[in-house]
Amino acid sequence: MDRDTSSNNDLRQVGYDPLIDHAGSFLVEDHKITEAVPHTDALEVMPLALALERYPWLRERYFKLIDKEQDRYTREAADAGPTGFFIRVFAEKKVLLPVQSCFLLRTPGLRQAVHNLVVAEKGAELHLVNGCTTARYTDMGTHIGVTEYYVGENAKVTTSMIHHWGDDVEVYPRSAAHVEKGGHFVSNYVAMTRVGRIEMYPSAILESDATATFNSVVYAPAGAWLDIGARAILRGSHAAADIVSRAVSDGGYVMTRGHILGETSGCRGHMECNGLLLKESGVIHAIPELEGRSPDISLSHEASVGMISREELAYLMASGLDEEIARSLIIQGFLEVPLADLPPFLQKTVSALVTQARRGEAV
Amino acid sequence: MDPLLSISDLWVEVGGKSVLRGVELSIPNGEVHILFGPNGSGKSTLLSAVMRLPGFHISRGAIAFRGTRIDGMETNEIAQLGIGLAFQHPPAIRGVALENFINAIDNTGEIARGFRELHLDSHRRRELNCGFSGGELKRSEILKLYAQSPELILLDEPESGVDLENLAIITRTINQILLADNPLEVSRRGGLIISHAGFILDYVEADRGHIILDGRIACSGNPREMFDAIRSEGYYHCVRRMSER
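Residue numbers (my numbering), protein chains in the order written: chain Y, 1 to 363; chain D, 1 to 245.
Just chain Y, with the same shape it has in the complex (with noise of 0.2 Å):
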């Protein structure tokens, strides 16, 4: 399939760039597996199909994080069978540089199904950037993810996911990790642009030692609707996890969640969401839970939800700053935060997401 120059920007903006150096690539269109290309012998990129045909130890870890049965969506993937990727890294090795996927939605009104399953060996490093996106004609479909990660003995593993659909497309992701003792899972989630529908519920399970920190950072204008979120499960002692959100809403809907659950003893974890509202006709729902199960952990949340300070308007403003140039400096820190740890070139992209949006331009 060919793609034409306005569709390669499109997937620039979500992350998918060959003239960024990266580890390897993956690209569905539609229903079609068209890359699945690794650059380094320390990990392996194919379809998740070929995969399982591959290695039969495999179909044990198939929909063993996520149950088929889970919702109407995640039968559907189970339906539509395994288009996605597979992508291992091998024991012990540091795959540094990103692995850049990407799911193009090209024919209006199409339902995407895709499975992906990832698998960091022990003491393996691997950086995945996710983007999501439609051609730039196409307004209406829907996305159905089902992402596995299975993050091994002191492994780690980055996910970031860029999200830029168009107006009324329905995206409903289904992902779980599994983290061994010691392993770090690091998930960055990151929506600019108006969707007509979000709904995502990312969770890991955390074994002794081990860290999974979730941070997303969304951005919806009027018609948006999301409902995002993210839970930890602390099974192992001294596993800790931090689950960071930061939502702005332009006239759309947001519900963020967390749910952090501490099992055993010399658990940690830490939960922000911070929302803030730039007019009267959106909504922001911040519900964060905690619930401890052992006598010796440490669970807090923070939450807030309200408009921009009069005050800090101000105080900028009083340097000679225009209020429009004002409030843009306040919301992209305010987004930028939970950001700060990206790598540079995703942060400029997301940088500019985030300046785009704000001016409203179409992105």
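Because the hints were derived from the structure by calculation, they are not lab data. Where hints are given, some of them may not hold.
For each label pair, taking beta carbons as the anchor points, the in silico distance ranges come out as [said to hold, decoys possible]:
no. : chain 1 : residue 1 : chain 2 : residue 2 : range
1   : Y       : Leu19     : D       : Ser122    : 30 to 38 Å
2   : D       : Gly55     : Y       : Pro295    : 28 to 36 Å
3   : Y       : Glu302    : D       : Glu244    : 55 to 63 Å
4   : Y       : His301    : D       : Arg116    : 35 to 43 Å
5   : D       : Glu74     : Y       : Thr40     : 55 to 63 Å
Covered stretches of chain D (in silico footprint by chain Y; criterion: 3 or more residues with CB under 8 Å from a CB of chain Y, positions within the stretch not fixed) [stated by the list, open to error]:
no. : stretch
6   : 64–77
7   : 80–87
8   : 93–106
9   : 170–176
Negatives, chain Y to chain D, calculated, CB over 12 Å [to be verified]:
no. : residue
10  : Pro47
11  : Leu50
12  : Glu76
13  : Leu97
14  : Arg111
15  : Glu121
16  : Asp139
17  : Thr158
18  : Glu199
19  : Trp225
20  : Asp250
21  : Met255
22  : Glu291
23  : His301
24  : Ser319
25  : Gly333
By construction, the Cβ of each residue, glycine as well, lies at the ideal position given by its N, Cα and C atoms.
Starting from the known structure of chain Y, arrange chain D on it as the hints suggest.
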């Protein structure tokens, strides 16, 4: 020639209560004035009213900058005309890096020097005023003025909560701003500085002092003499003595 700042019969309400009640004040070009007064006398309210910060309602009177009325303008327009205010208690703004803010307002084109001289290079990526110490807050406020390079600087207690080392750093930059750091500049810029402790007089050459009491300028004169009298006898005695002259 119109004065740099001219305030006449200024009445300002805060929360429905009159805090300023008929302030008269004029700062000619190139002069630096010091504003003394006890807590609650209206010093900070006066600077806030000049900048038209929210919550400060001008119910009567006029403020003019170089002959142009500014009491009906927006805060950013007043700043753009050439007035800069260093806040006593600047708000902490999460997410906004000091460097991003300063770059957005920089009129100098040589802001690297400001960061260096105010010892703020290591704070470039810090969130604006978040967790800053007293000295860091003051240095960052002065960096802000340095970047703006205004014709009139308003300083709200630049010496409070600052040790002598920090005071030397910030006053050096204040003098640079006042002199526009330009040897060809014949006349220096103007300033209105609120001072409690009077230390600032040892570092910045001030032309005139004013005591504000109960929302009015109660007396004016030589700032050094006034400060000495305030220190030995208090504000009210100082006012009486100055009036007797």
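Hint check results:
1. Y:Leu19 - D:Ser122: 30 to 38 Å: Once the Cβ atoms are compared, 33 Å apart, the range 30 to 38 Å for D:Ser122 and Y:Leu19 holds.
2. D:Gly55 - Y:Pro295: 28 to 36 Å: Cβ of D:Gly55 to Cβ of Y:Pro295: about 47 Å, so the range 28 to 36 Å is violated.
3. Y:Glu302 - D:Glu244: 55 to 63 Å: Holds - the Cβ-Cβ distance for Y:Glu302 and D:Glu244, about 59 Å, lies within 55 to 63 Å.
4. Y:His301 - D:Arg116: 35 to 43 Å: Given range 35 to 43 Å: holds, Cβ gap about 40 Å.
5. D:Glu74 - Y:Thr40: 55 to 63 Å: Hint holds: Cβ distance 56 Å, inside 55 to 63 Å.
6. 64–77: Held - the stretch 64–77 of chain D has 3 residues with a Cβ nearer than 8 Å to chain Y, which meets the minimum of three.
7. 80–87: holds (count 4)
8. 93–106: holds (count 9)
9. 170–176: violated (count 0)
10. Pro47: Y:Pro47 clear of chain D: closest Cβ-Cβ about 40 Å, beyond 12 Å.
11. Leu50: 44 Å, holds
12. Glu76: 39 Å, holds
13. Leu97: Nearest chain D Cβ is 25 Å from Y:Leu97, so the label holds.
14. Arg111: 38 Å, holds
15. Glu121: 35 Å, holds
16. Asp139: 32 Å, holds
17. Thr158: 21 Å, holds
18. Glu199: Non-interface label on Y:Glu199 holds, nearest chain D Cβ at 27 Å vs cutoff 12 Å.
19. Trp225: The claim holds: Y:Trp225 sits with its nearest Cβ about 25 Å from chain D, beyond 12 Å.
20. Asp250: 17 Å, holds
21. Met255: 22 Å, holds
22. Glu291: 28 Å, holds
23. His301: At roughly 17 Å from the nearest Cβ of chain D, Y:His301 sits farther out than 12 Å, so the non-interface label holds.
24. Ser319: 4 Å, violated
25. Gly333: 3 Å, violated
In this structure, the earlier hints numbered 2, 9, 24 and 25 are contradicted, and the remaining ones agree with it.
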